[in-house]
Structures are given as structure tokens and as C-alpha cells.
Amino acid sequence: MSIQQSRTVHNSPPAPNKGPGFKRGLGTWSTLALGVGAMVGFGWVTLVGGWIEDAGSFGAAAAMLAGGVMMAVVALVYSEMVAAMPKAGGEHNYILRALGPRWSFIGSWGITGGYTTVVAFEAVALPTAMEYVVPLDHFHLWSISDSDVYLSWALVGAVTAVLITIINIFGVKIAGSFQMFVVIFLFAIGFLQLFGSFNAGEVATMEPFFNNGWTGFFAVLVIVPFMFVGFDVIPQTAEEVNLPPKKTGRIAFISVIIAAAWYIMIILTVSSALTPDEVSGSTLPAADAMATLFGGQFFGNLMVAAGIAGIVTSWNSLQMGASRLMYSLAQGGMLPAWLGKLHPKFGTPVNALVVLGAVATIAPFFGHKALGWIVDAGSPMIVIAYLLVSISFVILRRREPDMPRPLRVGGKGNFGVVVGATSVAITAFLVLLYLPGMPAGLGVQPWVIFGVWWLVGAVFFAGIPGGVKPGPNAEEELLEKVYAKWPRRRP
563 MSIQQSRTVH NSPPAPNKGP GFKRGLGTWS TLALGVGAMV GFGWVTLVGG
613 WIEDAGSFGA AAAMLAGGVM MAVVALVYSE MVAAMPKAGG EHNYILRALG
663 PRWSFIGSWG ITGGYTTVVA FEAVALPTAM EYVVPLDHFH LWSISDSDVY
713 LSWALVGAVT AVLITIINIF GVKIAGSFQM FVVIFLFAIG FLQLFGSFNA
763 GEVATMEPFF NNGWTGFFAV LVIVPFMFVG FDVIPQTAEE VNLPPKKTGR
813 IAFISVIIAA AWYIMIILTV SSALTPDEVS GSTLPAADAM ATLFGGQFFG
863 NLMVAAGIAG IVTSWNSLQM GASRLMYSLA QGGMLPAWLG KLHPKFGTPV
913 NALVVLGAVA TIAPFFGHKA LGWIVDAGSP MIVIAYLLVS ISFVILRRRE
963 PDMPRPLRVG GKGNFGVVVG ATSVAITAFL VLLYLPGMPA GLGVQPWVIF
1013 GVWWLVGAVF FAGIPGGVKP GPNAEEELLE KVYAKWPRRR P
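Our numbering puts the sequence shown at residues 563 to 1053.
Any given hint could be a false lead.
[Stated by the list, open to error] Cβ-Cβ distance ranges computed for the label pairs, FRET-style: (1) L703 - M965: 29 to 39 angstroms; (2) L703 - I819: 21 to 31 angstroms; (3) S709 - P966: 26 to 36 angstroms; (4) L725 - L994: 33 to 43 angstroms; (5) G1029 - D710: 36 to 46 angstroms; (6) A920 - T777: 37 to 47 angstroms; (7) P898 - E764: 50 to 60 angstroms; (8) V724 - G972: 20 to 30 angstroms.
Quick caveat, the hints were computed from the structure, so don't treat them as lab data.
We put the beta carbon where it would ideally sit given N, CA and C, even for glycine.
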């Protein structure tokens, strides 16, 4: 049932959008490719060397395994929620029903910010990857924090941002097919690297197996939310998935397992190919490892191509997911109504996509240093949303035990509540890791980006009417108050 249909059933006002609804163009494999591709972006190509330096080969793999288990628990929570409420916007719907509009906005704004930082990250990562193969240092523009910005370099990211935005506007079926093709290519290269590691890798180069103790372990663990963000894109596009809700929920969980296996494989194969000194001296360790394992730069360039494929899949998925969140917030009266407009022909949230495309187009002009700042700023935004969804899961299990749940985590007993409480503890722990004084405390620049995002959000938050209780009809009650306050918004 779509959002528009749900509102009709409850005799409540229609959504601001009067155009066509979403089109169900995603099948089993394209949905899985959407989730996996969103997670397996480009970060592993550039960051894997830092992980190995921080924690050692086995230490980094153990941290990623622990992170994968943590995210798998959170994914279990999401899998039940998306099956129970298969509506565009994911977090917006779950938190709204459990905690009410204002908490829903906080969670949705947080995950939207996280998605937006990943989209911006990929726009900067793409020219970073390409300059491994092709020189892009032409027409110097300026320097930001000792990072030189060249016009040719920035245009690679900016032009790609425009192309991906156009692909997304043309419809979810085209975007999903494109995603599946690129993910298949990415994993084919990954299997090639795994084969090379078994044949030419050396256990001796993997030493030290552990480095810097718990400090190194947590240094890798803290990046987990950023590396695994994306499985939750599946709930954002739930109204465009042509599958039973129960199967959609399972795919969200499976995608996390696949991504965790990928990251562990990359850590172990890179450390088996490069010595610690080679790892620390490499700009793209995954590419240099491939070149070493197969004895030719062609294979290094092939891994760069896989990295570029990862950039495109992550970028495509998260721009898709963020636009659906913006759409849902606009439909609920929390963001300007024009962000809730669907394209009359393609059924995609065109204005939200254009806004995100504009952010990605501008991002490369801030240079290389923006990569680290963006990663650090986005991670706490993401885990705030995960925490609120986990709390919502537990509340709804207690308050609405008879709510239809096609996929019920933990069966008919109370084990599901234990899973939800564990997810609350995990996500609260991850939030604490980012605070000043903690092992993964953030620097000044990431907190500035974080603060600016929430200051903008505070403007919209202030406009959300009070007095709306959480529950199945919360969105309809909210819209009535929004229309009473701003009559011109009523369709």
C-alpha cells in the first residue's frame, strides 16, 4: 500500500503531491545490488591501508568483523520494520509511529545528512581514483588546507554528479539495472584479487597481525557506520520494490553480511600482498596490492576500475535513498512541499534529486582534504538515526504487539525485544565513540560540518507543529496541523 493509499483509507487529507506514485521497478537482484552497492563504495580502496596500519592485518579484520556483527544486529531491526511498514522514507515512518513527528525529523534529518556526506564523498573520491591512472592536475584553481584543487580534477566529479542525477531522475528501473551491472563487475574484480592472494600472497607480509592494541581496534571500528551505511537504502525505496515485504526485509540483512565479507577480504588480501612500509607509502593500497599480486600495473588499474565501480554504485544508491527521505519529510509537512514532488513521467522525486546532485557537483571544488572531514562528519549523523530506529523497534514491540509483522525477528516470543535492546546498546555505544576525549573523537572540521547540518535542520524543526501523538495516524494528524497553520500547502 502506498503512502497516498494509506491516507485515503484513514479518511485523512491527501499528500501534497497529486502526481503519479512511485513505480515498482526493483526485483530481487536489483534490490540486493542496491543495498550492497551502497555499502561497498570507494572507501575501502583508499582507507584500507590506514586500517592495517592502525590495527594490523588480523586486528583490522577483527574490527571489521565486529563491526559487521554490530551492523547485522541493526539490520535485523530494519528488516522487521521495512516488512511491517514498506513505505518510502524508511526511518521517517518507523520513528514517527513510535516516537512522534519531532523525533522522526531528528532521525530522518540525521540519516539524510549521512547519505548526503557519502554522496559528497564519492564526488571527491572519483577524481582521486582516476588520477591514479590519468593526470588531472591541470588549471590550478586554489588550495584548501594544503590541498590543491585543479579544474580538470574537480570537473570529473562535478560532471559525473550531473550524469548520476539524470540517471536517477529517469526512473528506479534504469537506476536499478545500472546498479546491478556495476556491482557484478565490482565483485568479479574482487574475486580476481582473492585468487591472486591465494596464489601469490605471503603470510609474512601480514605481520604485525595486531597493532596498537585496543586503540587500533577502535580506530578501525569507528569507521564502521560510514562503511556500512547503505543497507538502509532498501527501506527508503520500499515503495519501488516489486517483492513481498518479508523478502525485502531479508535482503536488507543479507546485504550487510555480503559487505562485511568484502571488507574483510580486502584487508587480508592487501596485507598479504604489501609489506607494512608499502602499505603506508601507498595512496591506493588495494590497487597496488592487485598490481603486486599479478605482477603488472594493468591489474592495479583494473582494481582502480573496481573502485570507480564502487563509487558509482554507492553514489547511485545513496542519492536514491536520500531523495526518498527528503520526499517523505516533505510529504509529512516537515520540509518544503516542493521537495515532495514526483516527476510526472518517471515517478521519481525530481526536486530532491536535483538538490543532492547540486551538493555532489560542488563537493569536488573543496579538494582532497574534504574526504576525511566528510567521512568523520557523516558517521555520527548515521548512528543517531540507527539509535532512534532501534528505540522505535523496542517501543513498537511493547506498545503494538499485534501490529502486522510479515517478518518477525526472533519469532513469536520476546527474543525480538532482546535483539532490539542489543541494537539500542550497540548504536548508543557507537554514538559515544565520537565524543571528545573518546578513542575516536572527531576533529574540529568534522564537527563544524556536523553543526552546520543541524543548524539548517533546526530551522525546519522549529516549524513542526506540536501536540501530535505517535501512532498509526501520526502523519495524518501532523498534516492537518500543518494545513491549519499554512492553508496554502493544502492540495
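Results of checking the hints against the structure:
Taking the beta carbon of each, L703 and M965 are about 54 angstroms apart, not inside 29 to 39 angstroms as hinted. Against the hinted window of 21 to 31 angstroms, the Cβ-Cβ separation of L703 and I819 comes to about 43 angstroms, which falls outside the hint. The supplied range of 26 to 36 angstroms is broken by S709 and P966, whose beta-carbon atoms lie about 52 angstroms from each other. Roughly 40 angstroms separates the CB atoms of L725 and L994, a value that falls within the hinted 33 to 43 angstroms.
Between G1029 and D710 the beta carbons are some 53 angstroms apart, a value that contradicts the proposed interval 36 to 46 angstroms. A beta carbon spacing of about 39 angstroms between A920 and T777 agrees with the range 37 to 47 angstroms that was offered as a hint. Between P898 and E764 the beta carbon distance is about 57 angstroms. The supplied range of 50 to 60 angstroms therefore holds. For the hinted restraint 20 to 30 angstroms between V724 and G972, the CB-CB distance of approximately 45 angstroms leaves it violated.
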